[in-house]
Amino acid sequence: MKILFVTTLLAAFSLILIISLDLLMGISISGIFWKALNPFRVMETAEYIIVLLFILFYVIDSIGAFLNRKKGNSSN
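The sequence shown begins at 107 in the working numbering and counts up one residue at a time.
Derived from the structure by calculation, the hints contain no laboratory data. Backbone N, C-alpha and C define an ideal beta-carbon position, used for all residues, glycine too. Each hint should be verified, as a subset may be incorrect.
Simulated pairs of lysine to any residue, SDA-like, Cα-Cα distance not exceeding 20 Å [to be verified]:
no.: 1; residue 1: K141; residue 2: A152
no.: 2; residue 1: K141; residue 2: F119
no.: 3; residue 1: K141; residue 2: A117
no.: 4; residue 1: K176; residue 2: F160
no.: 5; residue 1: K141; residue 2: S126
no.: 6; residue 1: K176; residue 2: Y164
no.: 7; residue 1: K141; residue 2: L130
no.: 8; residue 1: K141; residue 2: I122
no.: 9; residue 1: K141; residue 2: L123
no.: 10; residue 1: K108; residue 2: F119
no.: 11; residue 1: K108; residue 2: I124
no.: 12; residue 1: K141; residue 2: V157
Simulated restraints on C-beta separations [as the list claims (entries may be wrong)]:
no.: 13; residue 1: K177; residue 2: L123; range: 42 to 50 Å
no.: 14; residue 1: N174; residue 2: M131; range: 22 to 30 Å
no.: 15; residue 1: R175; residue 2: S126; range: 20 to 28 Å
no.: 16; residue 1: K141; residue 2: R175; range: 35 to 43 Å
no.: 17; residue 1: F160; residue 2: L127; range: 30 to 38 Å
no.: 18; residue 1: L110; residue 2: V157; range: 41 to 49 Å
no.: 19; residue 1: L159; residue 2: I109; range: 33 to 41 Å
no.: 20; residue 1: G170; residue 2: L129; range: 17 to 25 Å
no.: 21; residue 1: I169; residue 2: P145; range: 25 to 33 Å
no.: 22; residue 1: L110; residue 2: N144; range: 20 to 28 Å
Please model the entire structure based on the sequences and the hints provided.
Written as structure tokens, this is what we have:
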């Protein structure tokens with residue numbers, strides 16, 4: 107439960123920081139919320155690749171943990 111709270115709190119503070127910096131740069135309010143709520147519309151190709159690598163790393167790590175758990179259960 108603590109992890110969920112901390113994650114939500116960090117996401118909220120990050121969103122507030124993004125919105126305040128965009129306001130300081132003079133971007134319109136509608137443009138700020140469009141960019142903040144739809145981050146994939148403003149991403150470049152390199153950023154898409156990095157996001158895909160993070161997702162791939164998570165999937166591989168999850169599969170490895172599952173296989174290790176399964177291997178540990180079968181040896182007992």
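Hints versus structure:
{"no.": "1", "hint": "K141 with A152", "verdict": "holds (18 Å)"}
{"no.": "2", "hint": "K141 with F119", "verdict": "holds (16 Å)"}
{"no.": "3", "hint": "K141 with A117", "verdict": "holds (15 Å)"}
{"no.": "4", "hint": "K176 with F160", "verdict": "violated (24 Å)"}
{"no.": "5", "hint": "K141 with S126", "verdict": "holds (13 Å)"}
{"no.": "6", "hint": "K176 with Y164", "verdict": "holds (18 Å)"}
{"no.": "7", "hint": "K141 with L130", "verdict": "holds (15 Å)"}
{"no.": "8", "hint": "K141 with I122", "verdict": "holds (13 Å)"}
{"no.": "9", "hint": "K141 with L123", "verdict": "holds (13 Å)"}
{"no.": "10", "hint": "K108 with F119", "verdict": "holds (16 Å)"}
{"no.": "11", "hint": "K108 with I124", "verdict": "violated (24 Å)"}
{"no.": "12", "hint": "K141 with V157", "verdict": "holds (17 Å)"}
{"no.": "13", "hint": "K177 with L123: 42 to 50 Å", "verdict": "holds (43 Å)"}
{"no.": "14", "hint": "N174 with M131: 22 to 30 Å", "verdict": "violated (47 Å)"}
{"no.": "15", "hint": "R175 with S126: 20 to 28 Å", "verdict": "violated (44 Å)"}
{"no.": "16", "hint": "K141 with R175: 35 to 43 Å", "verdict": "holds (41 Å)"}
{"no.": "17", "hint": "F160 with L127: 30 to 38 Å", "verdict": "violated (23 Å)"}
{"no.": "18", "hint": "L110 with V157: 41 to 49 Å", "verdict": "violated (22 Å)"}
{"no.": "19", "hint": "L159 with I109: 33 to 41 Å", "verdict": "violated (23 Å)"}
{"no.": "20", "hint": "G170 with L129: 17 to 25 Å", "verdict": "violated (43 Å)"}
{"no.": "21", "hint": "I169 with P145: 25 to 33 Å", "verdict": "holds (27 Å)"}
{"no.": "22", "hint": "L110 with N144: 20 to 28 Å", "verdict": "holds (24 Å)"}
Hint check: violations occur at hints 4, 11, 14, 15, 17, 18, 19, 20; the rest are consistent with the structure.
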